Amino acid sequence: MQKLENTQYFRVDSEPEDGAKEVLSAVYEALTEKGYNPVNQVVGYIMSGDPTYITSHKNARSMIMKVERDELVEELLTEYIRTKGWH
Numbered sequence: 001m002q003k004l005e006n007t008q009y010f011r012v013d014s015e016p017e018d019g020a021k022e023v024l025s026a027v028y029e030a031l032t033e034k035g036y037n038p039v040n041q042v043v044g045y046i047m048s049g050d051p052t053y054i055t056s057h058k059n060a061r062s063m064i065m066k067v068e069r070d071e072l073v074e075e076l077l078t079e080y081i082r083t084k085g086w087h
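Counting in this note's numbering, the sequence shown runs from 1 upward without gaps.
Derived by calculation from the structure, the hints in this document are not laboratory data. Honestly, I wouldn't trust all of these hints.
[As the list claims (entries may be wrong)] Only pairs whose alpha carbons sit at most 25 Å apart, straight line, appear in this in silico SDA-like list of lysine to any residue: (1) K34 - R69; (2) K34 - M47; (3) K21 - K3; (4) K34 - F10; (5) K66 - S56; (6) K21 - R69; (7) K34 - N59; (8) K21 - L4; (9) K66 - D50.
Treat the numbers as computed from the prediction; the structure is a model and nothing was measured.
From just these sequences and the hints, can you work out the full model?
Right under this line is the structure:
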């Protein structure tokens with residue numbers, strides 16, 4: 001059993017060929033064009049891992065599946081922190 005008093009480290013070593021930022025941008029555009037709420041759809045995908053939350057329009061589903069979900073979360077959180085001026 002794992003000791004709960006120790007903090008675990010999480011690190012993503014490398015970005016895929018299509019970086020998370022570029023993929024999120026393309027997916028956002030495709031979802032918007034199709035009339036979906038991109039925030040809701042991306043959150044649904046990240047939380048469930050179900051690619052059907054993402055449209056296949058403009059190959060968005062295929063692109064997002066090539067990026068690990070933790071990398072998507074890391075990119076979103078990094079950008080949020082940057083825009084808040086916390087970093």
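A quick look at each hint next to the structure:
no.: 1; hint: K34 - R69; result: holds (22 Å)
no.: 2; hint: K34 - M47; result: holds (21 Å)
no.: 3; hint: K21 - K3; result: violated (35 Å)
no.: 4; hint: K34 - F10; result: violated (35 Å)
no.: 5; hint: K66 - S56; result: holds (13 Å)
no.: 6; hint: K21 - R69; result: holds (12 Å)
no.: 7; hint: K34 - N59; result: holds (12 Å)
no.: 8; hint: K21 - L4; result: violated (33 Å)
no.: 9; hint: K66 - D50; result: holds (13 Å)
Hints 3, 4, 8 from the list above are not met by this structure, while the remaining hints are.
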